[in-house]
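Residue numbers (this note's numbering), protein chains in the order written: chain A, 1 to 323; chain B, 324 to 399.
Source of the hints: derived by calculation from the structure; they are not laboratory data. One should not assume that every hint holds.
[Stated by the list, open to error] Simulated pairs of lysine-lysine, DSS-like, Cα-Cα distance not exceeding 25 Å:
no., chain 1, residue 1, chain 2, residue 2
1, B, K383, A, K174
2, B, K392, B, K340
3, A, K174, B, K358
4, B, K325, A, K199
[Unchecked claim] Counterexamples of contact, computed for chain A against chain B with all Cβ distances above 12 Å:
no., residue
5, F5
6, K41
7, V80
8, F99
9, I100
10, F169
11, V170
12, K188
13, I218
14, G221
15, Y222
16, I265
17, V295
18, A309
19, F314
All values reported here derive from a predicted model rather than from experimental measurement. C-beta atoms are modelled at their ideal positions from N, C-alpha and C, and glycine is treated no differently.
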Amino acid sequence: MVDIFYPLQWIADKLTYEVFGIAPETHLAASINFIIYDVMKIFVLLSVMIFAISYIRTYITPEKTRRILGGKKGLRYHLVASLIGTVSPFCSCSSVPLFIGFVEAGVPLGVTFSFLITSPLVNEAAVAVLWATLGFKATAIYVVSGIVLGVFGGYLIGVLKLERYVEDFVYKIKVGQSTAEHENLTAKERAGIAFEGVKDIVGRIWIYVIIGVSIGGIFHGYAPEGILEKYAGKDNLLAVPIAVILGVPLYSNVMGMIPIVESLIGKGLPIGTSLAFLMSVTAVSLPEMIILKKVLKNELIAIFVSIVAVSVIFTGYLFNILL
Amino acid sequence: MKIEILGTGCPKCKKTKEAVEKVLKENGVEAEVVKVEDFETILNYGVMVTPAVVIDGEVKLAGKVPDEKEVLKWIA
Numbered sequence: 001m002v003d004i005f006y007p008l009q010w011i012a013d014k015l016t017y018e019v020f021g022i023a024p025e026t027h028l029a030a031s032i033n034f035i036i037y038d039v040m041k042i043f044v045l046l047s048v049m050i051f052a053i054s055y056i057r058t059y060i061t062p063e064k065t066r067r068i069l070g071g072k073k074g075l076r077y078h079l080v081a082s083l084i085g086t087v088s089p090f091c092s093c094s095s096v097p098l099f100i101g102f103v104e105a106g107v108p109l110g111v112t113f114s115f116l117i118t119s120p121l122v123n124e125a126a127v128a129v130l131w132a133t134l135g136f137k138a139t140a141i142y143v144v145s146g147i148v149l150g151v152f153g154g155y156l157i158g159v160l161k162l163e164r165y166v167e168d169f170v171y172k173i174k175v176g177q178s179t180a181e182h183e184n185l186t187a188k189e190r191a192g193i194a195f196e197g198v199k200d201i202v203g204r205i206w207i208y209v210i211i212g213v214s215i216g217g218i219f220h221g222y223a224p225e226g227i228l229e230k231y232a233g234k235d236n237l238l239a240v241p242i243a244v245i246l247g248v249p250l251y252s253n254v255m256g257m258i259p260i261v262e263s264l265i266g267k268g269l270p271i272g273t274s275l276a277f278l279m280s281v282t283a284v285s286l287p288e289m290i291i292l293k294k295v296l297k298n299e300l301i302a303i304f305v306s307i308v309a310v311s312v313i314f315t316g317y318l319f320n321i322l323l
Numbered sequence: 324m325k326i327e328i329l330g331t332g333c334p335k336c337k338k339t340k341e342a343v344e345k346v347l348k349e350n351g352v353e354a355e356v357v358k359v360e361d362f363e364t365i366l367n368y369g370v371m372v373t374p375a376v377v378i379d380g381e382v383k384l385a386g387k388v389p390d391e392k393e394v395l396k397w398i399a
């Protein structure tokens with residue numbers, strides 16, 4: 001297969017060895033080359049991916065999602081909810097209004113959770129950075145796992161009939177008819193919105209990416225080969241749960257975490273453990289739980305976090321065995 | 324004119340309020356700007372993604388920070 005990123009590697013090599021004049025085969029050269037190449041590749045993929053998904057998103061409004069999923073039960077609607085979650089934006093501050101909006105439209109609790117689990121887990125920025133750093137295969141595994149996790153987790157919550165753990169006021173709120181819907185937009189207007197999306201997201205996360213790549217680059221250049229294989233390899237069964245627990249409080253830095261994880265994989269951290277770590281960083285975040293506490297009772301939050309954490313740990317073991 | 328900024332206190336909501344107030348000031352337009360953080364009121368407007376801007380009871384935008392050109396169009 002032709003490496004479409006070859007030109008970026010060529011530029012990174014030119015800059016490292018010729019412009020900066022760093023001798024090849026040194027720790028410094030390895031670090032600098034890694035940083036330049038990764039930063040370019042990440043920003044190219046980020047821009048393309050965010051643009052594409054933001055464009056698609058102009059067709060999928062929360063109002064439409066509510067109409068599609070209202071009153072629908074069954075596994076395939078969990079899948080639909082989860083898939084819509086992959087292309088929906090997720091600012092944790094919107095999770096409560098979205099939650100109430102879904103419940104009010106008669107979307108079953110379990111289906112709502114399928115959406116709520118997958119939405120933060122699979123988002124275009126994380127996918128772009130994953131693709132740029134860990135390659136297509138690991139990214140595909142991550143995305144599919146994220147969808148399966150949403151379908152499965154939501155389904156389980158539906159089966160357990162946990163409606164009583166939703167705060168009572170949620171059922172009393174009436175959602176009005178919004179007057180601002182994206183209807184009849186021209187292709188140019190949609191492209192404009194998509195471009196705004198690129199500017200907005202890249203503007204917010206570039207600093208985390210640069211910091212993450214720099215730390216990853218230093219680790220890549222200077223850490224001894226195979227160091228992590230020795231301490232956190234596949235035969236260390238505690239590595240996956242520890243990685244998942246470490247991931248929970250790290251939400252806002254996920255874009256920066258990915259390039260660091262890339263360098264950890266280079267030093268022998270297994271793929272399954274790495275993906276489990278990244279999934280726990282995105283799927284369960286403290287700020288989101290605090291916000292969701294306004295509509296969910298503690299029992300349901302605890303069940304939600306446990307289901308996600310256990311599934312993520314399972315996913316980690318699974319891919320450590322398979323890959 | 325009454326402008327309501329709907330949002331539950333995220334950074335984007337603050338940015339939205341700042342953007343609206345800046346445009347109002349630059350153009351010398353008098354308006355009452357209030358921040359609405361109560362879920363019930365937000366949802367009564369049919370808004371599920373914040374921040375949102377409501378002018379005289381009409382939802383103008385939901386789910387993103389408006390740019391200044393948009394704000395100008397609404398208040399003109």
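Practice task
Could you check the structure against the hints above and give me the numbers of any it violates, in ascending order?
Solution key: 4, 8, 9, 10, 11, 17
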